[in-house]
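Chains G and L are the protein sequences, given in the same order. Heads up: the first sequence runs through residues 64 to 664, numbered per the numbering used here. Heads up: the second sequence runs through residues 64 to 664, numbered per the numbering used here.
I should point out that these hints are in silico values taken from the structure, not numbers from a laboratory. Check before you lean on any hint, since a few could be wrong.
Each pair may be met inside one copy or between any two copies, as identical chains are not told apart.
As the list claims (entries may be wrong) - Here are the simulated lysine-lysine pairs, DSSO-like style, with alpha carbons at most 30 Å apart:
(1) Lys320 - Lys65
(2) Lys625 - Lys639
(3) Lys397 - Lys119
(4) Lys448 - Lys405
(5) Lys156 - Lys119
(6) Lys405 - Lys434
(7) Lys448 - Lys352
(8) Lys416 - Lys448
(9) Lys210 - Lys320
(10) Lys325 - Lys210
The structure presented is a predicted model; accordingly, all values stated were derived computationally and were not measured.
Number of protein chains: 2
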Amino acid sequence: MKRTNYAGLIDESYEGQTVTLDGWVQKRRDLGGLIFIDLRDREGIVQLAFSDEISKEALTVAESIRSEYVIEVQGVVKARTAGAENENLHSGKIEVQVTQVEVLAEAKTTPFLIEDGVDASDETRLKYRYLDLRRPEMQENLRVRSKITAATHEFLDQAGFIDIETPYLAKSTPEGARDYLVPSRIYPGSFYALPQSPQLFKQLLMGAGFDRYYQVARAFRDEDLRGDRQPEFTQLDIETSFMNQDEIRELVGEWVKAIMQKTVNYDLDPTTIPVLTWEESMRRFGTDKPDMRFDMELQDLSDMMADSAFGVFSNAIANGGMVKAIVVPGGAEKYSRKEIDKLGKYVERFGAKGLAWLKITDEGITGPIAKFLTEQADALLETTKAQAGDLILFAADQANVVNPTLDALRRMTAQTMDLIDDQKWAFAWIIDWPLFEYQPEEDRWIAAHHPFTMPNEADLPLMATTEGAHQAHAQSYDLVLNGYELGSGSIRIHRMDIQQQMLSALGFTPESAQEAFGFLLEGMEYGFPPMGGIALGLDRLAMILAGRDNIRDVIAFPKNSKATEPMTDAPTLVSKAQIETDLGLTAPEYADTDAPNMAEE
Amino acid sequence: MKRTNYAGLIDESYEGQTVTLDGWVQKRRDLGGLIFIDLRDREGIVQLAFSDEISKEALTVAESIRSEYVIEVQGVVKARTAGAENENLHSGKIEVQVTQVEVLAEAKTTPFLIEDGVDASDETRLKYRYLDLRRPEMQENLRVRSKITAATHEFLDQAGFIDIETPYLAKSTPEGARDYLVPSRIYPGSFYALPQSPQLFKQLLMGAGFDRYYQVARAFRDEDLRGDRQPEFTQLDIETSFMNQDEIRELVGEWVKAIMQKTVNYDLDPTTIPVLTWEESMRRFGTDKPDMRFDMELQDLSDMMADSAFGVFSNAIANGGMVKAIVVPGGAEKYSRKEIDKLGKYVERFGAKGLAWLKITDEGITGPIAKFLTEQADALLETTKAQAGDLILFAADQANVVNPTLDALRRMTAQTMDLIDDQKWAFAWIIDWPLFEYQPEEDRWIAAHHPFTMPNEADLPLMATTEGAHQAHAQSYDLVLNGYELGSGSIRIHRMDIQQQMLSALGFTPESAQEAFGFLLEGMEYGFPPMGGIALGLDRLAMILAGRDNIRDVIAFPKNSKATEPMTDAPTLVSKAQIETDLGLTAPEYADTDAPNMAEE
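Here chain G stands alone, though its shape is the one from the complex:
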């Protein structure tokens, strides 16, 4: 026998045909002398029928078949008897009456059912990942991802981009996150680093004149894991020469259009993607990755509240801070005082000291602080356009507290009030980022994107001093979708003098700059073209387009939150000899004992 069709594609148009199918047994119903089996393959399910009349032999085999057995069957496609149709199934009008069946592999009872909405723990799903991936929704997730990469290769190849691979055994560089290191056997004590991105290599490829480069590249970061981070992740990496940022955004827009077409069949007009400066995005949404599927923009009430009788407001402004607010439409009823207290508790993580609020009634403003704001009440209602039944939430503090507080409240309350249209794709470009940002924990200035980002033309004179450089803005552009950062791009520095100013403003000495990036600085002396590009997070894009909220669902074999892989138990202990003799390193005592595998802790 030899498969003629995918089981899941059989329908009434095949009626009367003899087909040979391969797949897994989804379930079996034994009605005594009549057995139905749902056969599953990657395209879906078809019902098989076994009976004495069709084939006594096949029926006998079918009696021994259990769920998840792998079988091969031959049979004739027939209409189901009236009333037995299944509207929800592509193959719901027919069944395959099986004349021959062979069991290709038996199966034990699986630890969880192979169906959507599994209730197994994440750890169990990862341990039996090959079973988890059999579930139709997981099959679909990885197919969406594959459609994205296929469409990407097609689009960029057509657009004249050259697919070039850069090394994974690379050099450890400062800046950025912690590197994964790979010990060298030939030079004990020396290490390769797994790259955090192909950034420097792609700039060198522009220096080499390839003009248009791309790569679907793995990147690695040995960071403490949280949320949707993975130790290894995939980025679509693009670099071009002689293009300005408008041209690059236009190109990326065309790529996005192609992707949206081929994965979710959505017709995007990339010229309609709003372009916001970073300052505007912070002002209107309190974040650099605004979810623009809904309104509820932040309103700056600083001028209005400067002289208000409510000390929290007037003091914040007197101290150089601000007062901003969001209006939650219809939120007055939904949010009890207790619920509002919960929100107030939540935003403490952003440094907010309490949460001021007002509810709007037909009579005007109410709530504990209403009495302090009688003078501002009319202006407040006019400016915020708040209506009876609405809730206003305020934040009054420095900008770095006010903005993240209201950003979080905006997203949380919109979710609660069901104001977010799940069917909407809201893209945005955020441009003109600060070149540097201050890192309070480390008390130093770091590159907001990376140390190779070109300052705005007008800000080049600022680069002459460290203090000036920290105030400069960059030729940078992030692509945002539904509140997620999809990708981050910039025009790069192609001149050594500016690159040296940048590294100096980051705290590098000429010597340490030379040690870390000497090859790049030297390269720039041999004629590097103006260049720019972008890196897009493929995992996250796949997650959003597949309609998932966990990045692990679009990665075949992801790591768990402890950076281990429960199926293979990686990382594992290796022999002391391998570490000491081969690599010249000394391992902890327990590395050669029968200690329990660390990955299972």
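With chain G's structure known, arrange chain L on it following the hints.
Just chain L now, kept in the frame of chain G:
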């Protein structure tokens, strides 16, 4: 200004048009008041003309321009004056008369000229790789490679394959080459391994029901480097379910056809690719990767020579060995006794103890051993079809000496005699490999392909014992092109009982098998489908199709023969703190000192 065209694509069809071009200065000729610049971009070269009449300002700028400067020019395409045309250039009939020019970046004198056939050392080329890659032949090499991957993605996507990424931070497994290890920071003393291939992951993906998987995957081997090996390399990895090896070979044939079409514009009929068993290939060519662009097949003369008066021959056969020969057409004159001695010296590396030979004249056989073979002379000439002027080279020993000796002689002499057609693409499938091969150095039997290769159906009973298993043959198929192994494929074991027999015959105990491959064995208990696939070496394929003989020429940033990367100096020393505090390992003393960088040794 904004680029309107690639410089290298301008030709006489653009005459009269104003164009804006960006690129590098290939060379400048200053004729006094008239300057010509060859402007180079990735598509080629165009001549720029500067003069007082065209633009005084542009001429002044041009006077300061040197080689490898990056410039942007605007000008009008004009026919060259009669006699100044260059037939060898796509743009040879025209020049661009420049009205505006801007220097985008200056350049120092490069350490070697940016042109084909560079005579810089390999090390210099790698150190200034961004300059080496500017050379047209290197640009072309990487574009051939990119065409291969683009055509691969297109073909496999069309054929229903799903592009799935597998982890690079994986589990160290025994068997195969030495792993590159990555220390875990969360579990000090534990290590990830960079995968030597995605083999196990792709089998698990078949277990998960994806049916058709592919990936352009990086693979890593920490081996002693030689010839065309690199620490990291790229393979096109393919796996399918429910297909037999004929079907898989047919599919791969269609892929090869698409690649040959799109890269070298060659129309391959994959049904004409010869299929040889491993035994036949060894018999006829002495190798499992025969170069079939030319004949000169090995001829087995054992029967003829069993009773010959030449003791070397008759003894070899008496000791269970063989006598084989190749005929070098026209080789009698080309190869002096001294030249033949050199060949004899060369094949000592294969264990050959001397090289017997005959020359054919109109009178018959001549040479030192002719007198011992008078009885066999007629039969020899008839069997070998040797003609006057030919040279016959013999090897008489055990098969594992005779075959590699004559394989090497066949290829060397064919090269010398210029019998190899460089324009030919000679593919072959080598099937039915031994399942195991004996490794004399380690005195053990190893898997000829890998431990997951399915034995031939008829050999399954042999698997019950270790001795039997070592005699089995496999459902395996290698694709060969012009004497290079392009890829290696097999049907995989999908049944746990056979997999356990295989691991047992490799010397695994049930416990060590469980520790190494427990997740795979467990997976097989949940219904794994019959499956098979292939891994194709992308670097080597690109090398052959680009017409190169060094794999580094098709890799953007390769490692040198010491596994270091001279441009960035990777691997490098990292701080003691990083090794000790982060990773819990102890580094050699010099790791935190100012020791010279190990990579420069």
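Task: Copy assignment of Lys405 with Lys434, given that the CA separation must stay at most 30 Å - done: Within one copy only: 23 Å inside, 106 Å across.
Task: Within, between, both or neither: Lys625, Lys639 at alpha-carbon 30 Å - done: The answer is both: 24 Å in one copy and 24 Å across copies each meet 30 Å.
TODO: Since the copies are identical, ignore which copy is meant and state whether Lys325 and Lys210 lie within 30 Å (CA to CA) inside a copy, between copies, both or neither.
DONE: For Lys325 and Lys210, both the intra-copy (7 Å) and inter-copy (22 Å) Cα distances are at most 30 Å.
Open item on the list: Within, between, both or neither: how does the pair Lys320, Lys65 come out at a Cα-Cα threshold of 30 Å?
Closed with: between (40 Å within a copy, 24 Å between copies)
Open item on the list: At most 30 Å between alpha carbons: which applies to Lys448 and Lys405, within, between, both or neither?
Closed with: within (26 Å within a copy, 96 Å between copies)
- [ ] If the cutoff is 30 Å on CA atoms, where do Lys448 and Lys352 land: within, between, both or neither? Let me know, please.
- [x] within (25 Å within a copy, 79 Å between copies)
Open item on the list: At most 30 Å between CA atoms: does that hold for Lys397 and Lys119 within a copy, between copies, both, or neither?
Closed with: neither (64 Å within a copy, 75 Å between copies)
- [ ] At 30 Å max between alpha carbons, let me know whether Lys210 reaches Lys320 within a copy, between copies, both or neither.
- [x] both (13 Å within a copy, 24 Å between copies)
TODO: Tell me, please, which holds for Lys416 and Lys448 at an alpha-carbon limit of 30 Å: within, between, both or neither?
DONE: Result: close within a single copy only, 26 Å intra versus 99 Å inter.
TODO: Check Lys156 against Lys119 for me: Cα-Cα at most 30 Å, and say if that holds within a copy, between copies, both or neither.
DONE: within (24 Å within a copy, 81 Å between copies)
The structure shown violates just one earlier hint, number 3.
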